[in-house]
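Colleague: Residues per chain are reported as follows:
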Amino acid sequence: MGISVIQAVLLGLFACLASLPGMGGTTVGNYTLGRPLVGGLVVGLIMGDIQTGIIVGASIQLVYIALVTPGGTVSADVRAVTYIGIPLAIRAQGLDAWRASRAAGLAASLGAAVGTLGTVLFYGTATMNLVWQGIGWKAMDGGKWSTIKKTIPMVDFVLPWISHIAFSFIPCVVICMAGESMVSLMKDYLPMDGIAMKTLFTVGSLLPAVGVGILCKQVIQKPLDWVTFGLGFTLAAVMGCNLIASALIAVFFALINYKIEQLKTNRLAPAADAAASFDDDEEDI
Amino acid sequence: MAELKKVSKKARNSAFRNWIYGNLTCFSQEHMQTFGYLAAMLPVVDELYDNDDDKVKALSTYRTFFNTEPQIGTMVVGLTVGLEEARANGEPLDDDTINGIRAGLMGPLAGLGDSIIVGTFIPILLGIALGLSTGGNVLGPLFYVVVWNLAMYFGMKFAFKQGYELGGSAVEALVGPQSAALRSSIVMVGTMVIGSVAATWINITTALEVPFSADSSLVLQDTLDSIFPKLLNFFFVWFCWWLMTKRKMSPTLVMGLLVIVALVGVLVGFFNPGLSY
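Going down the list, the sequences are from chains R and A.
Using our numbering, the first residue of the first sequence is number 1, and each one after it goes up by one.
Using our numbering, the first residue of the second sequence is number 1, and each one after it goes up by one.
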């Protein structure tokens with residue numbers, strides 16, 4: 001069975017909503033509609049086979065269950081995997097629920113390729129948004145409140161749709177319509193052991209370092225802070241702590257640090273407001 | 001004496017809505033969540049100040065780069081709503097103080113939010129949902145949709161309210177001498193968590209082997225692991241940080257550079273993801 005124009009358009013629309021800087025917002029868009037399991041339900045509804053959709057979505061979800069995008073760096077675009085990979089897999093395997101598990105396998109391997117393509121699209125969207133942000137800065141520089149009041153919501157809520165139509169909607173619709181021929185074309189021209197795909201996947205593994213680098217830029221002020229960073233790194237890399245364990249150990253050290261810093265300030269500015277802010281620390285963390 | 005200004009519930013709600021929806025809608029590598037922040041502060045500033053010049057001036061404070069885990073970051077938005085209210089009432093808060101607090105919180109909160117919300121809470125919910133969706137059961141995805149969205153909506157509302165109340169009543173705690181201890185401790189937690197994040201969520205390995213003789217060769221990855229596990233993660237994070245802080249490169253440029261590093265690495269055989277269809 002084929003994917004009709006209406007189905008492709010709906011899939012494209014959901015791809016726009018579910019992207020990481022998506023038009024559905026972070027919570028509802030990326031973290032709900034952008035999860036393959038939920039996407040499987042949505043795609044299943046659009047394609048008229050909810051059961052297969054969910055089975056395929058669930059098996060892809062397993063692969064990407066702990067995907068985090070530190071500092072906003074995307075290395076695998078789950079949204080593309082979901083709204084391009086799942087429909088193609090369902091379509092390739094037909095509507096036979098018995099073969100859903102095979103469709104799932106296909107979707108997972110297709111997903112790797114489509115997800116990489118999606119990463120390119122993601123950075124396209126983010127780059128095009130610079131144009132709208134330029135409009136926003138110009139309004140801010142102009143210093144006219146009535147203009148600013150109209151422009152900022154325009155820039156944040158409306159104009160990015162144009163980026164998404166160019167980099168989410170159109171590619172999703174085109175690939176879904178072209179279907180299998182597109183996939184085999186990609187397999188032929190971009191083999192996994194070729195330079196292009198190897199580079200793409202290597203870039204994918206390097207990109208999270210940029211995100212973590214951005215986080216470091218925010219917290220590391222002096223060379224010695226790298227020791228603190230290194231302790232956290234060691235906890236996870238050498239001692240096998242998961243992140244909750246690391247956070248707990250970090251809070252312990254921070255408490256000691258807080259007490260020491262407080263003693264220092266109390267010695268400089270005795271008595272009076274010493275205890276005023278003492279009990280605020282827990283909530284902040 | 002003039003009556004103390006207070007941000008109305010309506011303006012606060014609209015700031016909250018603008019943030020939780022628009023935090024990343026106009027994302028770019030250059031400014032990340034900055035426009036979401038401007039959109040969130042707009043209704044608050046509009047209400048607090050009477051003349052247009054003051055409004056422009058107040059909103060301009062939030063032009064500074066902002067990026068954190070946006071859901072836990074709702075607290076920072078709430079906090080600045082409170083701070084802005086205090087400033088409109090004549091508290092001596094300048095742009096640097098407000099942005100210092102924002103910058104001091106966003107890194108640590110990003111580390112904590114990424115690890116607790118995205119790295120732990122979501123996988124747990126998804127794990128339960130996957131169990132429920134065996135055989136294509138609709139219950140699985142529906143469970144996730146309902147529980148996740150309710151938890152986040154009320155969680156973010158709580159964070160916003162906490163932030164706002166803290167901002168309004170405890171300005172002194174955040175700008176006074178006591179605040180240095182608090183902020184340095186929060187930043188410390190953040191730095192350590194981000195260190196763990198670097199070891200957990202990045203996976204950079206080399207495929208390079210240096211042959212000694214016909215039957216033995218040096219596997220570079222093994223050597224690196226024996227020096228320190230995940231050394232390449234550490235190196236690349238430091239490298240990106242160095243490019244962005246010491247060489248003042250933009251994130252976009254750093255990514256472009258990594259593409260070249262990856263290409264060269266693949267050509268000389270340093271990198272090889274070893275995948276197939």
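Check before you lean on any hint, since a few could be wrong.
Simulated pairs of lysine-lysine, DSS-like, Cα-Cα distance not exceeding 27 Å [claimed, not checked]:
id	chain 1	residue 1	chain 2	residue 2
1	R	K222	A	K157
2	A	K6	R	K222
3	R	K150	R	K138
4	R	K150	A	K248
5	A	K246	R	K150
6	R	K144	A	K248
7	A	K5	A	K55
8	A	K6	A	K55
9	R	K149	A	K161
10	A	K248	R	K149
11	R	K222	A	K246
12	R	K217	A	K55
13	A	K10	R	K149
14	R	K138	A	K157
15	A	K246	R	K149
16	A	K246	A	K5
17	A	K57	A	K10
18	R	K144	A	K157
19	A	K6	A	K161
20	R	K138	A	K6
21	A	K248	A	K6
22	A	K9	R	K264
23	R	K259	A	K57
24	A	K57	R	K138
25	A	K5	R	K149
26	R	K138	R	K149
27	A	K6	R	K217
28	A	K161	A	K10
No wet-lab data here; the hints were simulated from the structure.
Treat the numbers as computed from the prediction; the structure is a model and nothing was measured.
Colleague: Hint numbers the structure violates, sorted upward?
Modeller: Those not satisfied are hints 1, 2, 4, 5, 6, 10, 12, 14, 15, 16, 18, 20, 21, 22, 23, 27.
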